[in-house]
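One line per chain: the protein sequences are A and B, in this order.
Once you know that position 229 of the first sequence is 229 in the numbering used here, the rest is easy, because the numbers rise by one and skip nothing.
Once you know that position 88 of the second sequence is 88 in the numbering used here, the rest is easy, because the numbers rise by one and skip nothing.
Derived by calculation from the structure, the hints in this document are not laboratory data.
Just so it is clear, the structure is predicted and the values come from calculations on it, not from any experiment.
No incorrect hints appear here.
Cross-link-like lysine-lysine pairs, in silico, PhoX-like; alpha carbons within 25 Å at most: (1) Lys286/A x Lys98/B; (2) Lys75/A x Lys286/A; (3) Lys231/A x Lys241/A; (4) Lys98/B x Lys155/B; (5) Lys286/A x Lys155/B; (6) Lys185/B x Lys155/B.
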Amino acid sequence: MSTHANLERRRQAIYGWLLLSPALVLLSAFAFYPSIATLWTSLFSRGTRRRPVEYVGFENYSDLFADPTFWLVVKNNLMYAGVTIPVSMGIALAMALWANGKIRARGFVRTAYFTPTVLPMIAAANLWLFFYTPGLGVLDQIGSVFGLPSVNWLGQPETALWAIIIVTIWKEAGFFMIFYLAALQTIPEELKEAADIEGASRWTYTRRIVLPLLMPTTLFIAVNALINSVKLIDHLFILTKGGPSDASKLLLYYIWEMAFAFFDAPSAAAMTVMVIVVLAIIAAIKFSYLDKRTHYQ
Amino acid sequence: MKSLTNFMDSFGAILLAIIWIAPLLFAFWAATHSTSDAVNLNLLSPWTLENFRVAWAGAPWLKYFLNTFMLVTIILIGQFFLTTLAGFAFAQLTFRGKDFVFILVLMQLFILPEVLIVENYAMVSRLGLFDTILGVGMPYMASAFGIFLMRQAFKGVPIELHEAARIEGCGLLGILWRVYVPLAKPTYLAYALVSVSTHWNNFLWPLIVTNSPDTRPLTVGLSIFGAPENGVDISIISAATMMSVAPLLIAFLIFQRQFVQAFLRAGIK
Chain A
1 MSTHANLERR
11 RQAIYGWLLL
21 SPALVLLSAF
31 AFYPSIATLW
41 TSLFSRGTRR
51 RPVEYVGFEN
61 YSDLFADPTF
71 WLVVKNNLMY
81 AGVTIPVSMG
91 IALAMALWAN
101 GKIRARGFVR
111 TAYFTPTVLP
121 MIAAANLWLF
131 FYTPGLGVLD
141 QIGSVFGLPS
151 VNWLGQPETA
161 LWAIIIVTIW
171 KEAGFFMIFY
181 LAALQTIPEE
191 LKEAADIEGA
201 SRWTYTRRIV
211 LPLLMPTTLF
221 IAVNALINSV
231 KLIDHLFILT
241 KGGPSDASKL
251 LLYYIWEMAF
261 AFFDAPSAAA
271 MTVMVIVVLA
281 IIAAIKFSYL
291 DKRTHYQ
Chain B
1 MKSLTNFMDS
11 FGAILLAIIW
21 IAPLLFAFWA
31 ATHSTSDAVN
41 LNLLSPWTLE
51 NFRVAWAGAP
61 WLKYFLNTFM
71 LVTIILIGQF
81 FLTTLAGFAF
91 AQLTFRGKDF
101 VFILVLMQLF
111 ILPEVLIVEN
121 YAMVSRLGLF
131 DTILGVGMPY
141 MASAFGIFLM
151 RQAFKGVPIE
161 LHEAARIEGC
171 GLLGILWRVY
181 VPLAKPTYLA
191 YALVSVSTHW
201 NNFLWPLIVT
211 NSPDTRPLTV
221 GLSIFGAPEN
231 GVDISIISAA
241 TMMSVAPLLI
251 AFLIFQRQFV
261 QAFLRAGIK
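Required output: the full structure, derived from the provided sequences and hints.
Now the structure itself:
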């Protein structure tokens, strides 16, 4: 009997590793190995024809820390995250509350909110180009009706990042709405009735009952939004290319530029390592802390 | 009072909906009118398909469409194959080291392929896959997200069905194929919709790995077509944009409910 159990256990182990192996090979080639290789590359100098590649320790990192452009890009990305995350989540919540309520034209409203989600970021950027173009763009046309001067939204450092932020919010909010909408539909009808009997105002009901019940969803969306604030940079290629004078440059775009425009792989690697560390911290917080704390229903 | 708040709600919701859909409507307007009429928002100006004709002639769109189609298909086949096997191993088999490997896989949820572009580019070149559609698709096939999703789906299958199939003399792979896969159909559908719409829209990685019209997907083709160096005007860019989003947009409008369900199923589980 025990040999039979042993045999079964061994059979399961062999099958288990066999079934996992194709996925593990690809994950090793395109996730694990590249992560380690990035760390490795970041510790070596950039080889030139005259000077071969050599170990430089943390020099690439200290060079980055001494580079004002790097700090500007970090500041831009923090701003990008700090504005897009709360604003798109707030709009998503409002959209969900409306799309879940008894309003007119609900089908149209839901579709309109969600549609930007299915468009490629590149296409979204092209659509917004028509809004932002100075002189010809829709925003300038509207402004000229009120006698406002023409503004080059994408071409001046004060507004370029904001123009980028608005496109991201437009793209994200409808996607996040879906998750709020699903969560709202699980809130029992009786809670609303009880609140009505108690004479609670709609504001009180929303703030004291709905928002706490949406807490797990809010955290789930927040983690997604945080990751997106690193990932969503495609529109930079169309709208600003990070300019003018780096005013709208974001980290991933800067990594791309370092590696594929300036051919400075070690600096790109050092920046990648820092981004991975930040993402790993988010992951650790998510898995260890949030998953335990938020499911209290 | 109550009807007033109702009215205000409807008003706010519809106003926001109009603002949200406006960029798309303006692009549609610009695509179907001559540039000067589009820019002046001349509401009485005649409609035209001329922009679409010019845009279509300006780049190998058919090739781009086919490339994108090939790309999403290859990725989806690879994902289905790899995530089914790995998801099953994680869900139904017990062996030493499983939990450790599972945590490694979950880490890939956060270390995005997008962040590793430099080393992945080196890897793809080493494998001789630079400027091939397979090279664009490969890093996405062993998706941690997909593995996680399939594991959850397979965990929900009652163990009695597994046992029954085994007593009937079915091998492990037979059980996977005849019992688990059919029961996970809704999850496959949801995953397919999310995967196709993600990779149809993907840009940065294909931009890096492709270098010719023979492999370039739509998004990269569109960005090159619209580049300011090419001096294409706004109506023609709008026409090209409408063209390239049309298939996914039309599919979305038809299968809206399934799309929304798919994103939910993929996100919440």
